[in-house]
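J.: Since the structure of chain C is already known, use the hints to place chain V on it.
Protein chains in written order, with my numbering: chain C, 822 to 944; chain V, 822 to 944.
Since the hints were made in silico from the structure, they are not lab data. Hints are not guaranteed to be accurate.
Just some of the chain C residues that point at chain V, by a computed CB distance under 7 Å [as the list claims (entries may be wrong)]:
(1) M855
(2) T857
(3) D889
(4) L900
(5) S904
(6) S919
(7) N936
(8) I938
(9) R940
(10) N942
Yeah, the Cβ is synthetic: ideal placement off N, Cα and C, and Gly gets one too.
As a plain string of letters, each chain reads:
Number of protein chains: 2
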Amino acid sequence: MNPDEVSKAFVEHYYSTFDSNRSALANLYQDGSMLTFEGQKIQGSPNIVAKLTSLPFQQCKHHITTVDCQPSGPSGGMLVFVSGNLQISGEQHALKFSQMFHLIPTPQGSFYVLNDIFRLNYA
Amino acid sequence: MNPDEVSKAFVEHYYSTFDSNRSALANLYQDGSMLTFEGQKIQGSPNIVAKLTSLPFQQCKHHITTVDCQPSGPSGGMLVFVSGNLQISGEQHALKFSQMFHLIPTPQGSFYVLNDIFRLNYA
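Isolated chain C (complex conformation) (with noise of 0.2 Å):
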């Protein structure tokens, strides 16, 4: 696969897992990944999905509409930047947000995040 369809085989795999089963997301960090929720920074697999699984909602469907990817340099490494929308059970309206990620090759062919970096777009 080219990077672009690698990004987009990654954003489909992470949005569908985190509105299924948010607690699966472990699998794609690691210990010195690091997310950016809203400003609060947050270090580690177990951190990151402490701090995901416990967010107010319990139902939430992401929607993509836009995906960017360029290579982060000569190791491998992709950036993923995201937009869309995000319905939260219950609520009227989707939140707009943006969203990067930098993915990393494991030696086993695949990748985890090292950085992730989540805002949403307040209009």
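T.: Positioned in the frame of chain C, the structure of chain V alone reads:
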């Protein structure tokens, strides 16, 4: 300066240069630099600056809402994630945007932009 201070200083410098003298942004990019602008991929400082200076407005003013930053790995790079508004001269409403930069340290002790992804956040 710590990473948060570096990223804020970079962001202030970048957008004040953009708003006052776009062609001077050439100094912040190198030959391997990549810009994805509203989905269009452009590589290399001359091509990037040609794109930015050819945007169909003469005067604009960026207002920054949020700046998030994370180290991008062990080599001293930094990821900077920005949200804000872009007011174009003669337009009534500001445009919301999100943008990410991957900054790489230079031997001179400064940084250059390896990766730049820009998206307008349409309402």
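J.: Are the hints correct? Go through all of them and say.
T.: Hints, one by one, checked against the model:
Proximity of M855(C) to chain V holds as hinted, the smallest CB-CB distance being about 5 Å (cut-off 7 Å). At about 5 Å, the closest approach between the beta carbon of T857(C) and any beta carbon in chain V falls short of 7 Å, and the interface hint on this residue holds. Because the beta carbon of D889(C) sits about 5 Å from the nearest beta carbon in chain V, less than 7 Å, this interface hint is met. The beta carbon of L900(C) is positioned within 7 Å of a beta carbon in chain V (closest approach about 5 Å), and the interface hint is therefore held.
A distance limit of 7 Å between C-beta atoms decides the matter here; for S904(C) the minimum to chain V is near 6 Å, and the interface restraint holds. The restraint placing S919(C) at the interface with chain V holds, with a minimum CB-CB distance near 4 Å, inside the 7 Å limit. Residue-level restraint check for N936(C) holds (minimum Cβ-Cβ distance to chain V is 5 Å; threshold 7 Å). Given hint, I938(C) at the interface with chain V, holds; its Cβ is 4 Å from that chain's nearest Cβ, closer than 7 Å.
Hint status for R940(C) relative to chain V: holds, with the closest Cβ pair at about 6 Å, below 7 Å. Nearest Cβ of chain V to the Cβ of N942(C): about 5 Å, under the 7 Å cut. The hint holds.
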